[in-house]
Amino acid sequence: MQALNNFIAHYNYVITIFLMITGLYIMVARSNMVKKLIGLSIFQTSVYLLYLEPGKILGGTPPIIDKAFTVYSNPLPHVLILTAIVVGVATLALGLALVVRINEAYGSIEEDEIFKKDREQ
Amino acid sequence: MVLLTLLAAVAIAIVRQRSLFGVVLLSGIYSFLIASVMIVLDAIDVALTEASVGAGVSVVILLATLHLIKTTEAAHTRASWLPIFVSLGVGGALVWGTLTLPPFGTPDAPIHRHVAPYYIENALRETNVPNIVSAVLADYRGYDTLGETVVIFTAGIGVMMLLRGGKRRRSEDDKAEDAS
Numbered sequence: 000m001q002a003l004n005n006f007i008a009h010y011n012y013v014i015t016i017f018l019m020i021t022g023l024y025i026m027v028a029r030s031n032m033v034k035k036l037i038g039l040s041i042f043q044t045s046v047y048l049l050y051l052e053p054g055k056i057l058g059g060t061p062p063i064i065d066k067a068f069t070v071y072s073n074p075l076p077h078v079l080i081l082t083a084i085v086v087g088v089a090t091l092a093l094g095l096a097l098v099v100r101i102n103e104a105y106g107s108i109e110e111d112e113i114f115k116k117d118r119e120q
Numbered sequence: 000m001v002l003l004t005l006l007a008a009v010a011i012a013i014v015r016q017r018s019l020f021g022v023v024l025l026s027g028i029y030s031f032l033i034a035s036v037m038i039v040l041d042a043i044d045v046a047l048t049e050a051s052v053g054a055g056v057s058v059v060i061l062l063a064t065l066h067l068i069k070t071t072e073a074a075h076t077r078a079s080w081l082p083i084f085v086s087l088g089v090g091g092a093l094v095w096g097t098l099t100l101p102p103f104g105t106p107d108a109p110i111h112r113h114v115a116p117y118y119i120e121n122a123l124r125e126t127n128v129p130n131i132v133s134a135v136l137a138d139y140r141g142y143d144t145l146g147e148t149v150v151i152f153t154a155g156i157g158v159m160m161l162l163r164g165g166k167r168r169r170s171e172d173d174k175a176e177d178a179s
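Top to bottom, those sequences are chains A and B. With numbering that gives the first Met the number 0 applied, the first sequence corresponds to residues 0 to 120, in that order. With numbering that gives the first Met the number 0 applied, the second sequence corresponds to residues 0 to 179, in that order.
It should be emphasised that the hints constitute simulated quantities derived from the structure, not laboratory data. Keep in mind that the hints are not guaranteed to be accurate.
Rough simulated footprint, nothing fancy, chain B against chain A, three-plus residues with beta-carbon under 8 angstroms [what the hints assert, rightly or not]:
| id | stretch |
| --- | --- |
| 1 | 18 to 32 |
| 2 | 49 to 55 |
| 3 | 73 to 85 |
| 4 | 89 to 102 |
Here are the in silico distance ranges between beta carbons for each label pair [said to hold, decoys possible]:
| id | chain 1 | residue 1 | chain 2 | residue 2 | range |
| --- | --- | --- | --- | --- | --- |
| 5 | B | 8 | A | 5 | 19 to 25 angstroms |
| 6 | B | 138 | A | 117 | 30 to 36 angstroms |
| 7 | B | 67 | A | 5 | 48 to 54 angstroms |
Even for Gly, the Cβ is constructed at its ideal location relative to N, Cα and C.
One chain only, chain A, in its complex shape (with noise of 0.2 angstroms):
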């Protein structure tokens, strides 16, 4: 009974990291590109849950000052994920735009095929 309530508080761990290695298997097992971004953008918001998650009061209320409310969430987390985020497109867009020079310069963005290109010359 105990270990059900300690598995039922630390879900969200259990969930967070689970797509956290989702986003980690998609990198390192699929060959093509644009599902690795894919997987490294899971990856990131599997981290942004992670700096959320303890952040959270069970009766706590948004971080908005508010003469009704006495407790508020630790805005904090909520800072430095806004910062992730915006940084985490960033990244996307780069890495694409890189995906796109790729398929012009081998036509193909699989990464067992520009391997074999490679090796043919």
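Fit chain B to the given chain A structure using the hints.
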């Protein structure tokens, strides 16, 4: 909890989906689910940003890329047991690490006792902004936000150089072909 489980399901669907078009649409769904989870976690500013940037801008640039490249993923030929083993190993270590974290939502966890109370008590008096997140983002950590805009600027320049350089080279190739 239901939302988190849905997220896991969408992530599995992304792994299994072979059409890149489907993957991009699923990643849009994924972003909206993440934004909903963020609202539950009281991070409304972050949720707004994720819904507009993650589900809006990301999907648009992904679709723009798909317009320029082939949209089906090749069947994978590599043995996939090593990545699975590595992922599960990392995941197991991380889950083991979370076991001693404070349970979800407790108000007396260490994270809530450090600098966060200072911001919650003094942000309104010192900056006159009721939203603590924007007060910290723009007032206390303004240089951080400046650095962030520099990163976006650099990425924008990089994208422009990569794409326009490619176009120029192609038009030179066309000219060479016309000449021959």
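We went through each hint and held it up to the structure:
For a cut-off of 8 angstroms, the count of residues in the stretch 18 to 32 of chain A with a CB near a CB of chain B stands at 13, and the three-residue condition holds. Against chain B, the stretch 49 to 55 of chain A contributes 5 residues with a C-beta closer than 8 angstroms to a partner C-beta. That satisfies the three-residue criterion, and the hint holds. A count of 11 residues in the stretch 73 to 85 of chain A with a Cβ less than 8 angstroms from any Cβ of chain B is obtained; the coverage claim is therefore met, three being the minimum. Interface restraint, the stretch 89 to 102 of chain A with chain B: holds (12 residues with C-beta to C-beta distance below 8 angstroms; minimum three).
At roughly 24 angstroms, the beta carbons of residue 8 of chain B and residue 5 of chain A sit within the given window of 19 to 25 angstroms. A beta carbon spacing of about 51 angstroms between residue 138 of chain B and residue 117 of chain A contradicts the range 30 to 36 angstroms that was offered as a hint. Evaluation of the 48 to 54 angstroms hint for residue 67 of chain B and residue 5 of chain A yields a pass: the beta carbon distance comes to about 49 angstroms.
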